[in-house]
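S.K.: Sequence:
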Amino acid sequence: MRAHYGRKIWGVIALIIASVIWGSTFPIIKVVMNYVNSFRYVWVRNLLAVLSMLPYIVYRIRRGLLSRHSAIGGILIGSAYTLALWLQGLGTFYTTASNSAFITNLYFIYLHVYEVLKGKKYDYRLVASVLTALTGLYIMTKARGFGFGETLILIGSFLWALQVLLVDKYSNTNPLDTTFFMLLPSLTLSIPDMFFLESFSISKITLVLPHLLYLSLVASVIAYALQLYGQRYVVASTASTICLIEPTSAPIFAMFLINEKIDFAQITGFILIILALYLSITSKYSYKQSQI
Numbered sequence: 046m047r048a049h050y051g052r053k054i055w056g057v058i059a060l061i062i063a064s065v066i067w068g069s070t071f072p073i074i075k076v077v078m079n080y081v082n083s084f085r086y087v088w089v090r091n092l093l094a095v096l097s098m099l100p101y102i103v104y105r106i107r108r109g110l111l112s113r114h115s116a117i118g119g120i121l122i123g124s125a126y127t128l129a130l131w132l133q134g135l136g137t138f139y140t141t142a143s144n145s146a147f148i149t150n151l152y153f154i155y156l157h158v159y160e161v162l163k164g165k166k167y168d169y170r171l172v173a174s175v176l177t178a179l180t181g182l183y184i185m186t187k188a189r190g191f192g193f194g195e196t197l198i199l200i201g202s203f204l205w206a207l208q209v210l211l212v213d214k215y216s217n218t219n220p221l222d223t224t225f226f227m228l229l230p231s232l233t234l235s236i237p238d239m240f241f242l243e244s245f246s247i248s249k250i251t252l253v254l255p256h257l258l259y260l261s262l263v264a265s266v267i268a269y270a271l272q273l274y275g276q277r278y279v280v281a282s283t284a285s286t287i288c289l290i291e292p293t294s295a296p297i298f299a300m301f302l303i304n305e306k307i308d309f310a311q312i313t314g315f316i317l318i319i320l321a322l323y324l325s326i327t328s329k330y331s332y333k334q335s336q337i
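FYI, the working numbering numbers position 186 of the sequence shown as 231, with every residue one higher than the one before it.
Just to be clear, a hint being listed does not mean it is correct.
What the hints assert, rightly or not - Label-pair distances were calculated between CB atoms; the ranges are: (1) 135 with 159: 24 to 30 Å; (2) 135 with 307: 41 to 47 Å; (3) 79 with 112: 37 to 43 Å; (4) 232 with 303: 26 to 32 Å; (5) 55 with 307: 27 to 33 Å; (6) 106 with 240: 44 to 50 Å; (7) 176 with 305: 25 to 31 Å.
As the list claims (entries may be wrong) - Think about it this way: if two alpha-carbon atoms lie no more than 27 Å apart in a straight line, the pair counts; the simulated DSSO-like pairs of lysine-lysine are: (8) 53 with 214; (9) 187 with 249; (10) 187 with 75; (11) 165 with 329; (12) 306 with 75; (13) 53 with 329; (14) 214 with 333; (15) 214 with 163; (16) 166 with 333; (17) 306 with 166; (18) 333 with 163; (19) 329 with 214; (20) 187 with 306; (21) 165 with 306; (22) 75 with 249; (23) 249 with 53; (24) 329 with 163; (25) 166 with 53; (26) 187 with 53; (27) 163 with 53; (28) 165 with 214.
Hints in this document: simulated from the structure, not taken from any laboratory. Computed from a predicted model, the values in this text were never measured in an experiment. Note that beta-carbon positions come from the ideal geometry of N, C-alpha and C, so glycine has one too.
Could you build the full structure based on these sequences and the hints that come with them?
M.R.: Printed below as a string of structure tokens:
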């Protein structure tokens, strides 16, 4: 029984760490975007991650340990991720960052609705966590208005939900194997970048290489593997609620790393989302019974 409880706890911890890592990337991405365009940022970041994992993957292939299931799952997850990221970036160009943050993170609502329709049981803690998280997210982002940009981001948010569901489906695979294949679809963004955007500049990449290495090795390889491991034990809807730590922690990292200020609304939203996190992870319906 104690071992079962331990796996649940480690699943939650893995998702929290991954979300905090992703939250730390926002100020770092802001620095990188001063030197490269959005397409180049994504594919170079993931190319570095792929290159770092090549020795591991070659070893797994030579030992006959790499499964077809991991490869298929990784490519499907990575495809949803890449398309969602592109729509989010394009939509944000036509709207505010606040609207983008709010609409993007609505994917956690879709996942709860999806699981309700599937017949998942809910207790008062889970219901309260959803309402509290939604309120906190709205207060924190101060979203207003809806137009073309918001429509693109809304479509993207459904793809973020699909990404979490795909991770849920393939969470029983080797996390590092699946992560490698998750990174591959995003490399297709190099095609429009190289042929239709500005010429490639090694000097600009070199200026932000330490930032890109953190984004690739820590925020891609390690964080994605942690997500896959965490969702092995935590249901998709609860995992999405835990991942709201990402936009919640981003202003804190921005305050320390690039001297951005935090206002009262962000503090209030942060408190509400942490409360929602507590309510969510203390519900017995947040965990996969077959895995605990």
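S.K.: Do residue 135 and residue 159 keep their Cβ atoms within the hinted range of 24 to 30 Å?
M.R.: Holds, since residue 135 and residue 159 (Cβ atoms, about 25 Å apart) stay within the stated range.
S.K.: Within a Cα-Cα threshold of 27 Å, do residue 214 and residue 333 meet the stated pairing?
M.R.: holds, 12 Å
S.K.: If you draw a straight line from the CA of residue 187 to the CA of residue 75, is it 27 Å or shorter?
M.R.: Holds - the C-alpha atoms of residue 75 and residue 187 are around 20 Å apart, at most 27 Å.
S.K.: Please test the hint of 26 to 32 Å on the beta carbon pair from residue 232 and residue 303.
M.R.: Holds, since residue 232 and residue 303 (Cβ atoms, about 29 Å apart) stay within the stated range.
S.K.: Given the hint that residue 214 pairs with residue 163, does the C-alpha gap stay at or below 27 Å?
M.R.: At roughly 15 Å apart (the allowed maximum being 27 Å), residue 163 and residue 214 satisfy the hint.
S.K.: Sort out whether residue 214 lies within 27 Å of residue 329, counting only the CA atoms.
M.R.: Measuring from Cα to Cα gives roughly 20 Å; hence the hint holds.
S.K.: Please work out if residue 165 and residue 306 have their alpha carbons no farther apart than 27 Å.
M.R.: Cα-Cα ~40 Å, so violated.
S.K.: Evaluate the given range 44 to 50 Å for the C-beta pair formed by residue 106 and residue 240.
M.R.: With a Cβ separation near 31 Å, residue 106 and residue 240 fall outside 44 to 50 Å, so the hint is violated.
S.K.: Verify the proposed pairing of residue 306 with residue 166, using a straight-line Cα cut of 27 Å.
M.R.: Not satisfied, since the Cα-Cα distance of roughly 41 Å exceeds 27 Å.
S.K.: Is residue 53 within 27 Å of residue 329, Cα to Cα?
M.R.: Status holds; Cα separation ~10 Å.
S.K.: Hey, residue 329 versus residue 163, does the alpha-carbon distance stay inside 27 Å?
M.R.: Holds, at roughly 17 Å.
S.K.: Using the Cβ atoms, figure out if residue 176 sits within 25 to 31 Å of residue 305.
M.R.: At 29 Å between Cβs, range holds.
Of the numbered hints stated above, those contradicted by the structure are hints 2, 6, 9, 17, 21, 23 and 26, listed in ascending order.
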